[in-house]
Each structure stands twice: as C-alpha cells, then as structure tokens.
Amino acid sequence: MDAILLQILNGLDKGSAYALIALGLTLIFGTLGVVNFAHGALFMIGAFCAVTLQRVLNLSFVTIDEAQKDFLGNPLKVKTPYVEAWFGPETGAAIIDWAVPLAILFTIPLMLAVGYVMERGLIKHFYKRPHADQILVTFGLAIVLQEVVKAFYGANPIQTPPPDVLQGSLDLGVMVGFDPNAIIYPIWRLIYFAFSVLIIGGVFAFLQFTTFGMVVRAGMADRETVGLLGINIDRRFTIMFGIAAAVAGLAGVMYGPLNPPNYHMGMDFLVLSFVVVVVGGMGSLPGAVLAGFLLGILESFASTTWATTTIPGINQIIIYLVAIIVLLTRPRGLMGRKGVMED
Amino acid sequence: MLGLNKKDTSLLLVVAALTLLAPFILNPFPEGSAMAQFNAGYPDLMQRFVIFGIFAIGFNILFGLTGYLSFGHAAFLGVGSYSAVWIFKLFTYNVLPAIALSVVVAGLFSLLIGFVSLRRSGIYFSILTLAFAQMSFALAYSVLSNPRFNLTNGETGLQVYADDPQWFHRDGLPDLPHLFGLSMRSTYRLDLGAWSFDFNAGYYLCAVVLMVVFYLAIRIFRSPFGMMLRAVKSNQQRMNYTGLNSRPYTLAAFVISGMYAGLAGGLMAAMDPLAGAERMQWTASGEVVLMTILGGTGTLIGPVLGAGFIKYFENIFSKINDNVLHGWFAFLPDGMEDFVVAIIHPFIGKGWHLTLGLLFMLVVIFLPGGLVEGGQRLRNWVRGKPKTENTSGKTEPAE
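Top line first, the protein sequences correspond to chains A and B.
With our numbering, the residue at position 34 of the first sequence is 34, and numbering never jumps.
So the mapping is simple: our numbering equals the position in the second sequence, first residue as 1, plus 1000.
In case anyone wonders, no lab produced these hints; they're calculated from the structure.
Don't take every hint at face value.
Claimed, not checked - Here are the simulated DSS-like pairs of lysine-lysine, each with C-alpha atoms no more than 27 Å apart in a straight line:
hint, chain 1, residue 1, chain 2, residue 2
1, B, LYS1350, B, LYS1319
2, B, LYS1350, A, LYS150
3, A, LYS69, A, LYS79
4, A, LYS150, B, LYS1319
Only a predicted model underlies this, so the values are computations on that prediction, with no experimental measurement involved.
Could you put the whole structure together from the sequences, leaning on the hints where they help?
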C-alpha cells in the first residue's frame, strides 16, 4: 500500500510538468488551431529565467580584505554580491537563496511578452498555411531558441537549487499513519505539484468565470460567429497564446530545482507532451491535464525495480505504448470532442 | 531512355554525371591552398552526401507526394543499420546481403508502423510517427540491450568484434565491409599537379545505388501510382467519396520510403560497420525533414540538393573558427574587425545548428518550394519572365 502511494507521489512532479505543458499546447491548439513545436522551447526559456535571475543576483564586486590571507599568504579577495551590499548581508543572502521562487515574478511578464511577440510576429502569418508548414516553422523556431540559449549558457546543465528551507524531504508516511521512512518525499516536489495545481486551477477559473474567458471559450467553439458579433477575437486569442506561453514558462521556472536545466530539456519534454495531448484528446483542456498526471504516474510505476527487472527499460517506452493503444482503441483520445481535428 | 521522357532522361543524366564526377567537382581548390578548406571531395563526406540524398529522396516520396509529414523516419534508417551490422557479425562482411537485409527489415518495420500510424492523418500522423520513432530509440538505446537479450548493444553501439562467428568469412577477404573482395575503404588517389582527387570504392557503390534509386523515384513520380498519391495530397476526402480506399496507396508510399531509409541505413553501416541508437533519435528525423524542405518538397532533384547543401555547409561551418574569420576580415580596421567577428561568432563552429534553424525558418516562411523554387524564380527573373504560378512545390496537408 505505502509502495503504491509512493509511486503515485513520485509520478506527480513529472505529471505536473507534462500537464502544464500539455495544457499550454492545448490552449494554443484549441484557440488558434496551431500545433506549436516551439512550446518545449518556451518551457526551457522559463527554466533559464531562473538561471538568469540567479546569475544576476550573484553579480558581485571584489574587495581586498587585508585582515584575511589566502593560502599563498596574499590578502584575500572577498566577493560581495551587490544585493548583499545594498540590503545588508542577511537580507541579501536570503534574496539570493530564494532566487528560483523570485524568478516567477519576472517570468510571467517576460513569457507573456514572448508569447505575444511570437504570435504577432510569426504564427499570425501561418493561419492560412497548411498544418505541415505550421509544424515546420515552429520546429525551426524551437531549434533557433534552443541554440541561442546554448550560445549564452553553454551546453551543460546548470544547477538551480531551491531555497535552503525547502531542501530536504518530508516523511509523509508518518503523517498518515504508515511506518516511519516508508514514504519519504522531497519538499520541492510537493511544492511543484501544489504550484501546478494552482496554475491549472487558475487557468480553468479564468476561462470559466471571467467574461474574457467566456468569450475565448465561445471563440474556441465557433470563431467565425464570435467574430461576426463584433468581438475582436483575434486579439483575445493572441492574449491566450501569451498565457499559454506563460504557463509553459512557469512550469519551467519551478522545474529547475528538480532537474538542472540544460538547453535541450524542452525538446525532451515536448515529444512526451505531444503524446500527452494526443492521449488526452486534441483540443480538450481537462483531457490534457488528466492525461498528463496519468502518464506521469504510469511512468513512475514503470520505473520501479520490479517493473524494470521484469521488462528492462519499460519505463522509457511505457508512455508511447499507452499512447499507441489509446489511439488505436479510442482514436479521439480519452476526452476528445467530436469534430476537433477529426482527420 | 529506360521509359523516361526527354526531360527526365536529361535530369537522370545530370544526376549521374554529378555523382560520378563528384570527386572532381567537389575538389575545385588545389591541395594546400587557402581555399582548400572548402573542398568537400574526401570519401567520408561524399559518402554522407549520397547516403543522405537517398534518405531524403525516400522521405520525399512520402511527404512530397502524399503530404503525410512523418517525424519518425530516422527509425527506419537505424533499423537498417542494425540489421546490416548483424549480417556482418553473423555471416560475412560482404555488403550485398547486408544492404539487402537492411532494406527488407526496414520495409517490414515500416509496414508495421505505417499500418498503425496511417489510420490517422494530418497532425496526428506526425505525432504518431514521432512517438514511434522515440519508442524505437528508447528500445534500441536501453530496452533491447540488456545482458539477457542484447540486440543493439545500447550506448556503445553495435559493432563487429573479433569473436563474432562470421560463418562465411574467409582469410583472403578484407576484414572490413567489402564487395566480393573489394574493400569499401580502398581509395585510388589521382594527383594532377597541385590537385589531388580521391576515388573511393565505397563512395562509388553509394553513387551507383543513388542513381538506381533516383531512377526508381522518377518512375514512381511519373506512374499512375504516383498520380494517385498526389491525389491523396490534394484532397483525400474527395478520393474517399469516390469510393476509393486510399489507405493501400499511402501505406505503399510509406513502406517504399521506409525501404529507402533502410537502404540509406544499410549503406551507412557498409561504409562504417557501426550502428548507434542516436541515429534513430527524432532530431535525426528532423534533419531529413529539413533537407527535403530546404531542397524543395515534391520535386525530384530537391531532396538530393537539400541533403548535399546541409551536409556540405555543416562540414564547412563547423571548420570555420574565430581565427579564420579574423583572417577574412583582416582588411577592416581593428575595432570593426573584432565587432564583425563577434557578430558572426555565434553562427559558426558549434553554432551551425543556429544558422541551420534560421535558414530553415526563412525557407519555410519565404520560399516554401525550397532551393528548387528559388532557382526557378531566379531563372524567371533573369529571363525577365512574368511570375508564373508554379504549384508543383507547394505542400498541402493530407486532410
């Protein structure tokens, strides 16, 4: 029992990432009808926002401290980050420590802007072109974005540690009455899960309970009619693209502490997120979220020692296998609607 | 000639001349001169041109004719490589059975994948092939390389070891892939003054294969079968409404292009008896898509041009470094020189993929017909002709 619970928990963090990326993909697909191969790159940019903030906060000036000597006997050069000089050592160190959560603050406007520019500058010109062209141009954009990041940050993964307080693990088993040490779970993963639930809930609430969201939902159902009612639906869809980009970016920012970001992390997630979208049902937002978590948990079950000794490497192919089976038995995906991308 | 009309015959002859004379054409600069780094006439690179040309021709039969955008073709190439190396390991280093088996195995594999993926079209098809390719990659990389059942040798890559059986191997034969005793590595070097040209047995094998498959591609393009595939591309729904089941046609196209990919994979293994899983990764599938688009989708010569173009510039760009750039821009004043070099720096050397990505985007946005359309536009412009509507290069999805 506790082992099952542990695997479900283990699947939640990856599942959250899949769900968030797939949610963004579905938002873009449902509103604009574009398959965005650059969505993984947006996730990656989000992760590098955290890296950037961490580097900026760590910018420091050097003072020579005559009182201390280094191992050669010369006066020691002490690096002091500007932040510590401005806010005092205590507050400064705390700010640097909390770099990743703080990065959220500037990721949101940045990713909204990136999404807006991307839609207005590039995607807009591809609505009338075939789907194959849309796939190709976003694929090209993904290559460019990740190579630019590689040119600035290098090819190696960069550590982005979570704040000290949130490092380490919790013994969740004890809280619900299992033996101690049965279910040990890293805190940051819990936070990531909570964060993603918050964002997913936020997006759904936004679509469900605001006038803007209502118009967008109407536009998803019938774009032309909404346009004929005198509503500037294109503008709203552009904003939705920005929001989808922001969701991907936020998923990326918070993912850094779980897995050090490198320039091709987006591509790795993208392929799986596509599978998630297809399994969930193209154009279905709840489907994308559900499939994201389901596949994440499934992957975690397939990674147990028992599964990998029975069928070696099953954890790497389980998602694809499931996707193929789902598509063959339920071609529309788990929650796909009739009439959306029927052929 | 050979059942082709005049235009196609001349195209075939041009391709034949280009491939057979490639050692001369690609080595225009004398050995040791400053421009020698732009030479591409060494066997390894020429083989790559031709092999990727074959791969792209095959991909184009699927994408160019039917409009089905497959993102998983590298899987077939990888499968072809693996089966060729297994022939080397078990039976003989002779390349003919290896290549034959790689085509057959890739054909069967693509029949399986095509049967499943072709149930959907459009974006679903792309994603399904992508998923299949990634699954094959994971299979090759880890699942099928466990100690109990080692089919692919995982990360190291499948290669021939000294203790492999090689039942038909005899002492007189070279210990490398060969064609009835002629080693694929044997190279004849022709020195003409300052120039030197390499004639490599492996390259010429690939070149002959390329001509054969190019001829086959022309025949497919001009056949009633090819016409049917084009009809699928322009409007599959209408085809279905006329009571025609288009699935067998698309499946045939898929299998043919899979066999082309397998052939390319087999040749790759024949040139270098090693097969690794990274050959199957989806970025490798992306590369052949780039080649085909860049050259010109749906045209005969386009994919070959695209493959040559990408492989050539990949090679050249990776060689250029900052020192070379400083040499080129030495005529500029110092500050300017550094500035120009700093601007170009991210695009060269390791930054080749950035250049490629940008180039690819530009082509998709402004020149959907690729290099071939570019050439046509240029020719029309030079001749002062008015713009003609050319639809041959346009790609429409299979919807």
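The hints, checked one at a time:
1. For the hint linking LYS1350/B to LYS1319/B, the alpha-carbon distance of about 9 Å falls within 27 Å, and the restraint holds.
2. Proposed proximity of LYS1350/B and LYS150/A is supported: the alpha carbons are some 10 Å apart, at most 27 Å.
3. Under the criterion of a C-alpha separation no larger than 27 Å, the hint pairing LYS69/A with LYS79/A is consistent with the structure, at around 14 Å.
4. A threshold of 27 Å between alpha carbons decides the hint, and for LYS150/A with LYS1319/B the separation of about 19 Å falls inside it, so the pair holds.
Violation of the numbered hints given earlier is absent; every hint is satisfied by the structure.
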